[in-house]
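K.L.:
Between the sequences and the hints, there should be enough to build the whole structure, so can you do that?
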Amino acid sequence: MTTTDTRPDTGSRTGPRTAARPGRPGSALARARGGLPTLVFLAPMLIVFGVFSWLPIGRAVVMSFQRTNLVTDPVFVGFANFQQVFADPLLWTAVQNTGYFALLALVFGYPVPLVAAILMSEVRRLRGLFSALAYLPVVVPPVVAVLLWKLFYDAGEDGVFNTVLAWFGLGPVAWLQDSGAVMPSLVLEATWAAAGGTVIIYLAALVGVDPSLYEAAEIDGAGVWRKLWHITLPQLRGVLLITFILQIIGTAQVFLEPFLFTDGGPANRTLTLLLLIYRYAFTNSLGGDYGAAAALSLMLAVVLAAFSMLYFRLTRSWSS
Amino acid sequence: MATAAEKPTADRGLLAPTDRKRPSVRWSIRILHGLLLAALAVAGLGPMLWLAKAAVTPTQDTLRHPMSLWPGGIDLANLTEAWTRVEIDKYFLNTIALAAGSWAVQLLVAATGGYALAVLRPRIGRYVSGAVLATLFVPSVVLLVPLYLTILDPPVVGTSMLNTFWAVWLPAGANAFNVLLMQRFFANLPREVFEAARVDGAGPYRLFWSIVLPMSRPVIGVVSVFAVIASWKDFLWPMLVLPDPALQPLSVRLPALQQFVELDVFLAALAISSLIPIGLFLVFQRLFLSSAGLGGAVKG
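These protein sequence lines are chains L and U, in that order.
With the first letter of the first sequence counted as 1, position 139 gets the number 139 in the UniProt record's numbering; the numbers rise by one all the way through.
With the first letter of the second sequence counted as 1, position 271 gets the number 271 in the UniProt record's numbering; the numbers rise by one all the way through.
Quick caveat, the hints were computed from the structure, so don't treat them as lab data.
Keep in mind that this is a model prediction, so the values were computed, not measured.
Take the hints with a grain of salt, since some may be wrong.
[Unchecked claim] If you anchor each label on the Cβ, the simulated ranges turn out as follows:
(1) Val164(L) x Val157(U): 50 to 56 Å
(2) Asp73(L) x Phe260(U): 39 to 45 Å
(3) Arg126(U) x Val62(L): 23 to 29 Å
(4) Gly58(L) x Val199(U): 43 to 49 Å
(5) Pro255(U) x Arg313(L): 37 to 43 Å
[What the hints assert, rightly or not] Below are the DSSO-like pairs computed for lysine-lysine, each with C-alpha atoms no more than 27 Å apart in a straight line:
(6) Lys90(U) x Lys150(L)
(7) Lys53(U) x Lys90(U)
(8) Lys53(U) x Lys233(U)
(9) Lys90(U) x Lys233(U)
(10) Lys150(L) x Lys233(U)
(11) Lys150(L) x Lys21(U)
(12) Lys227(L) x Lys21(U)
[To be verified] Stretches of chain L that chain U covers, calculated by requiring three or more beta carbons in the stretch to come under 8 Å of a beta carbon on chain U:
(13) 41-47
(14) 115-124
(15) 295-305
For every residue, glycine included, the Cβ atom is placed at its ideal position computed from N, Cα and C.
P.N.:
Listed below in structure tokens is the structure:
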């Protein structure tokens with residue numbers, strides 16, 4: 001039951017397979033299948049998903065093989081959009097930057113919530129206070145968080161973080177202007193904003209670990225560290241893999257931090273894939289290059305969809 | 001769910017109860033927990049307290065002594081100035097209108113769709129729920145450009161939805177996660193109740209409105225809170241489809257305001273923008289913390 005809290009499940013009386021079970025023949029409900037009322041209830045979902053999800057997804061695929069502008073009809077151009085994207089030197093910059101962001105986010109953001117959650121799981125009193133404090137940054141609107149941190153990252157000696165560094169005789173650091181410091185600065189804020197959610201996921205998994213496993217280990221003479229290594233972490237492996245996948249999917253699509261902190265600067269050091277897609281489509285003064293944007297989105301999505309599939313398989317197999 | 005799983009730990013966790021009684025263990029735990037609490041307070045609460053202080057501090061004090069505990073002067077006028085002169089009130093109302101509409105559309109789509117799939121179970125249900133589920137695997141980046149073009153030239157409607165709230169409300173409804181959540185919940189409701197209602201002559205509409213919805217308050221609550229919070233957080237999409245500043249929500253307007261508003265008033269605006277989400281969190285803490293795991297999946 002380690003993964004119970006990471007999947008959508010609000011009533012756990014029966015398994016998820018009930019939905020697929022056909023109505024019992026002859027029952028009153030079975031007779032109501034199909035017909036006008038059913039269509040009425042399905043309509044909002046079919047219309048909204050059709051127009052704003054299914055059609056655009058199909059359109060994304062078609063568009064990446066077309067030259068689209070808003071004036072003339074789209075023309076099929078084969079793989080020209082893909083060739084154009086691959087010929088763009090900025091693509092490799094963006095791939096590297098996005099990879100670097102994802103890597104740093106793992107280094108910063110992966111161990112800290114785990115350690116915090118393990119410590120918190122042993123808290124007997126005031127656990128609610130611990131959880132609430134950890135989760136508070138998650139509910140701060142992301143734009144507010146970024147704009148606030150932008151102020152904290154002020155490069156001057158009177159900047160908030162530089163003032164704190166000065167207490168220890170360090171700094172000042174040009175957080176967002178220095179090409180070496182800028183990406184870690186962005187990741188630090190992103191980690192601050194997201195870590196609380198991961199802590200709560202781990203905490204839910206930790207309280208689900210069967211106490212008898214610990215008792216059995218103690219009878220065999222295991223100490224705290226060995227219990228941690230041989231019981232706690234193996235019991236969490238499903239959740240750890242899931243948060244890993246979710247984090248990869250999230251960080252590969254990072255937009256807000258590089259857009260608001262630096263707009264890709266300095267010297268394209270924080271130009272990420274999503275920022276590049278955004279620029280292709282929406283900041284081109286000659287009209288959006290929708291074809292190139294769609295082509296790059298599609299390639300990124302195919303890679304990420306593989307991660308999503310894995311995620312789905314894992315949550316299914318671990319929770320049933 | 002966490003509430004059900006929390007039971008066994010009332011007894012014990014990683015540490016053995018006998019170990020807990022040993023003074024050396026007890027004290028090291030206390031010290032570790034103290035340090036953790038201090039770190040969480042500094043990291044979690046610190047920035048927001050700083051913002052709360054800076055919102056009522058004159059600009060020069062914030063610039064010169066950013067870390068002083070007590071401001072040299074209190075300037076409550078920042079808040080009123082942000083609210084009136086900078087027209088935060090207008091953007092605040094826009095944000096609320098966007099959140100309310102997104103909430104209504106999401107709830108309508110998810111509740112009716114989930115009911116049809118889980119309770120009425122039409123023959124095509126299997127394919128429809130497969131198609132809805134499939135969208136979970138499609139990263140949101142794919143939708144960006146084609147959805148934008150759909151808003152510019154929507155089918156049937158004929159006129160562009162750019163600069164209308166519908167451009168934010170309607171796409172918000174296409175949330176597979178909500179449908180899945182509702183469908184699961186409805187499928188787990190006792191079917192005997194439905195059968196009984198049927199026998200008493202309730203049709204599918206009556207069954208939905210008078211039986212299923214009242215029994216589904218927990219899941220409606222979860223979907224509602226997530227809908228409001230997600231809408232409040234949204235930035236890129238409203239920025240694209242609402243280029244008219246008069247219609248923009250706080251999240252889109254704040255970065256632009258920074259350029260022509262004085263720092264103390266700007267910080268007051270930031271503080272005002274955080275009030276509703278933080279307030280919602282404090283009120284519905286249990287809901288947030290027991291279903292926080294869902295948040296990661298919503299992003300998809």
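K.L.:
Compare the structure with each hint and give your call.
P.N.:
To see whether the hints hold, each was checked on the structure:
Separation of Val164(L) from Val157(U) is about 54 Å and conforms to the stated range, judged on CB atoms against 50 to 56 Å. Checking the proposed 39 to 45 Å range against Asp73(L) and Phe260(U) shows it holds: the Cβ atoms sit about 42 Å from each other. Checked against the hint of 23 to 29 Å, the C-beta distance between Arg126(U) and Val62(L) comes to roughly 27 Å, which is consistent with it. In this structure the hint that Gly58(L) and Val199(U) lie 43 to 49 Å apart at CB holds, the actual value being about 44 Å.
Checked against the hint of 37 to 43 Å, the C-beta distance between Pro255(U) and Arg313(L) comes to roughly 39 Å, which is consistent with it. Taken as a hint, the Lys90(U) and Lys150(L) pair is honoured in the structure, with Cα atoms around 25 Å apart against an allowance of 27 Å. Between Lys53(U) and Lys90(U) the CA atoms are separated by roughly 24 Å; this keeps the pair inside 27 Å, and the hint holds. Using a Cα cut-off of 27 Å, the hinted pair Lys53(U) and Lys233(U) holds, with the two alpha carbons roughly 23 Å apart.
A threshold of 27 Å between alpha carbons decides the hint, and for Lys90(U) with Lys233(U) the separation of about 17 Å falls inside it, so the pair holds. Only pairs whose Cα atoms come within 27 Å are accepted, and Lys150(L) paired with Lys233(U) is accepted, the gap being roughly 18 Å. Between the alpha carbons of Lys150(L) and Lys21(U) the distance comes to roughly 47 Å, so the proposed pair goes past 27 Å and is violated. With a CA separation close to 18 Å, the supplied pair Lys227(L) and Lys21(U) stays within the 27 Å bound.
Taking a C-beta to C-beta cut-off of 8 Å, the stretch 41-47 of chain L contributes 6 residues in contact with chain U, enough for the three needed, and the coverage statement holds. Check result for the stretch 115-124 of chain L against chain U: holds, 7 residues qualifying (beta carbon to beta carbon below 8 Å, three or more required). Three residues within the 8 Å Cβ limit are the bar, and the stretch 295-305 of chain L against chain U gives 6, so the coverage statement holds.
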